[in-house]
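Peer 1: Chain residues, written in single-letter form:
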Amino acid sequence: MAFSLLLIVVLGATALFFATHLSIPEDRSQRVFAPDLVRRGGELAALGYCASCHTAENGKPFAGGRPLATPFGTLFGTNITPDPKTGIGLYSQAAFARTMRDGIDRAGRDLYPVFPYNHFARLTDEDLSALYAFLMTRAAVPAQNPANHLTFPYNVRPLLAGWKLLYLDKKPVPRDQTRSAEWNRGRYLVEALSHCGACHTPRDRLGAEIASQHFDSGEAEDWWAPPLNHKFPSPVSWSEESLFNYLRSWDVGHGGAVGPMAPVVAALATVPEQDVRAIAAYVGATLAKPGESEKRVDEKQPQAAEAHPQGAELYAGICATCHETGGHVPFTVTSLGQHTSIYAPDPRNVIHVVLEGVRPPEGTVGAVMPAFADTLSDAQIADIAAYLRARFSRGGEWQNIEAEIARLRRSTSP
Amino acid sequence: MITLNVNGRSRDVDDAPNTPLLYVLRGTLELNGAKFGCGLGQCGACTVVIDGKPVFSCLTPISILQGRKITTLEGLGSEDAPSPLQRAFIEEQAAQCGYCIPGMIMRAHALLTANQSPTDAEIREHMNANLCRCGTHMRILAAINRAAGGMHAAGARAPAKAEEEE
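Residue numbers (my numbering), protein chains in the order written: chain A, 47 to 460; chain B, 238 to 403.
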């Protein structure tokens with residue numbers, strides 16, 4: 047606590063010094079862009095998942111309004127359509143570049159790092175131009191940004207200037223000459239545009255990604271985001287090929303993305319194949335454990351059934367209908383033991399899936415699983431989760447499963 | 238022996254605890270309203286209402302239903318005395334082959350019980366889980382709108398037409 051207070055004082059002092067930014071003049075010029083630039087910008091916007099945070103549920107694309115829960119309060123994705131009043135219509139390219147790289151809006155306000163400018167700062171000039179061309183040619187949607195709900199002191203924007211002094215690294219993504227062009231391309235996409243670390247790297251108490259724990263696992267919207275390195279806990283090994291399949295649609299060994307990762311895969315399904323191959327090459331190189339043979343995932347079934355008879359009974363009556371068919375249900379892997387969620391340090395992802403079910407993002411195909419929030423009680427879901435954990439994982443029992451279920455039921459029900 | 242509360246009546250059944258409610262309804266209790274579609278909780282033909290919520294009866298073992306209130310299509314009305322919701326489905330002729338309709342009616346029943354004047358968007362979102370392979374969705378939506386209007390005449394919403402023209 048004393049540390050936090052000291053930090054706040056230090057940040058406050060530096061903030062007063064650095065937090066004065068000039069506004070950049072309004073740009074009301076008629077903008078003309080080459081169609082190829084706009085098209086490339088659209089691919090880049092998909093690779094950066096701009097729409098995920100900047101589109102409300104059932105809302106117009108890029109018009110903002112999506113609530114983003116953080117430990118510091120709830121912020122709302124902003125309107126990034128070219129509407130002059132409520133969007134970014136008056137942004138010159140210079141104002142856009144400053145926003146993306148320095149986290150400062152046109153008017154000179156510091157932006158919160160939930161907008162991942164710590165990654166976008168590393169984008170090339172060409173890619174920024176293409177993104178600008180794409181966004182400025184979208185339909186302008188008048189939609190006022192809702193006010194953020196942040197707790198003190200995080201609602202004091204000038205403090206962000208201090209945060210940036212501590213954490214904002216604008217160095218370009220380095221090239222590793224010993225690696226392939228594809229790997230280097232993947233590194234650039236992953237570290238800059240696709241900002242994978244925003245969810246997959248743990249954050250410190252001021253919400254900054256901890257560089258020394260790069261890709262060690264993090265979280266997104268109260269889901270656990272698995273490690274993207276050798277700490278990945280599931281017994282099913284990754285290869286570049288399986289990672290490509292997963293990122294593009296679905297993989298026979300790993301299944302499909304759910305939760306906050308589902309819109310990421312829906313976006314990656316639309317971009318040029320070589321970009322997804324590049325991402326798979328870069329991340330796959332740290333995820334894959336060469337030479338490791340598949341470990342058996344389902345050898346503790348009798349012990350698990352003995353330890354959790356209710357869970358085993360419910361599993362047999364409900365889950366087994368689809369999950370013990372040897373993978374004959376579309377988009378269903380052979381065994382639940384292949385799903386990473388069961389090896390997570392906490393049961394959140396399993397609970398989310400059971401409570402809310404799985405539904406592919408609008409306009410895409412994928413796994414469909416019904417929601418069981420209205421069928422099963424907290425105790426029953428906890429029994430199933432404990433049984434699955436005991437049957438497949440060697441990670442030890444999950445703690446407080448029932449309390450987590452009650453909490454997630456409250457936070458996810460409308 | 239498990240005691241089920243079906244449409245307000247206590248029914249003792251001998252089926253194994255793992256048996257899906259759908260099989261017990263149709264096989265043991267001879268309530269054939271709920272239909273077997275996919276058996277995987279993906280189509281909604283088997284939908285019944287449990288404690289006010291729409292549930293896929295094909296994926297619901299009877300072991301978890303002790304003491305819970307189950308409502309099936311037969312609990313709404315009969316051929317001679319259909320409920321307002323059933324009447325709305327008849328008046329809109331909201332069926333082609335009709336196989337999905339019991340599930341549709343039960344899911345809609347849960348919605349209208351909780352929310353007597355749903356918006357079109359709310360109806361669509363709520364009904365999303367049930368599939369009709371003949372494609373009578375517009376008539377199904379119109380029937381639900383009609384029932385909502387009938388249940389709440391004062392709500393004065395313009396239902397069916399706007400939907401059909403969309």
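I should point out that these hints are in silico values taken from the structure, not numbers from a laboratory.
Among the hints, a few may not be true.
[As the list claims (entries may be wrong)] Computed spacing ranges between beta-carbons, pair by pair:
| no. | chain 1 | residue 1 | chain 2 | residue 2 | range |
| --- | --- | --- | --- | --- | --- |
| 1 | B | 306 | A | 409 | 48 to 54 Å |
| 2 | B | 319 | A | 130 | 31 to 37 Å |
| 3 | A | 212 | B | 351 | 33 to 39 Å |
| 4 | A | 352 | B | 370 | 32 to 38 Å |
| 5 | A | 316 | B | 368 | 40 to 46 Å |
| 6 | B | 368 | A | 216 | 47 to 53 Å |
| 7 | B | 319 | A | 457 | 38 to 44 Å |
| 8 | A | 107 | B | 304 | 43 to 49 Å |
| 9 | A | 130 | B | 351 | 41 to 47 Å |
| 10 | A | 190 | B | 316 | 38 to 44 Å |
| 11 | A | 192 | B | 289 | 28 to 34 Å |
Every residue, glycine too, gets a C-beta built ideally from N, C-alpha and C.
Peer 1: Hint numbers the structure violates, sorted upward?
Peer 2: Numbers 1, 2, 3, 4, 5, 10 - these are the hints that the structure violates, sorted from lowest upward.
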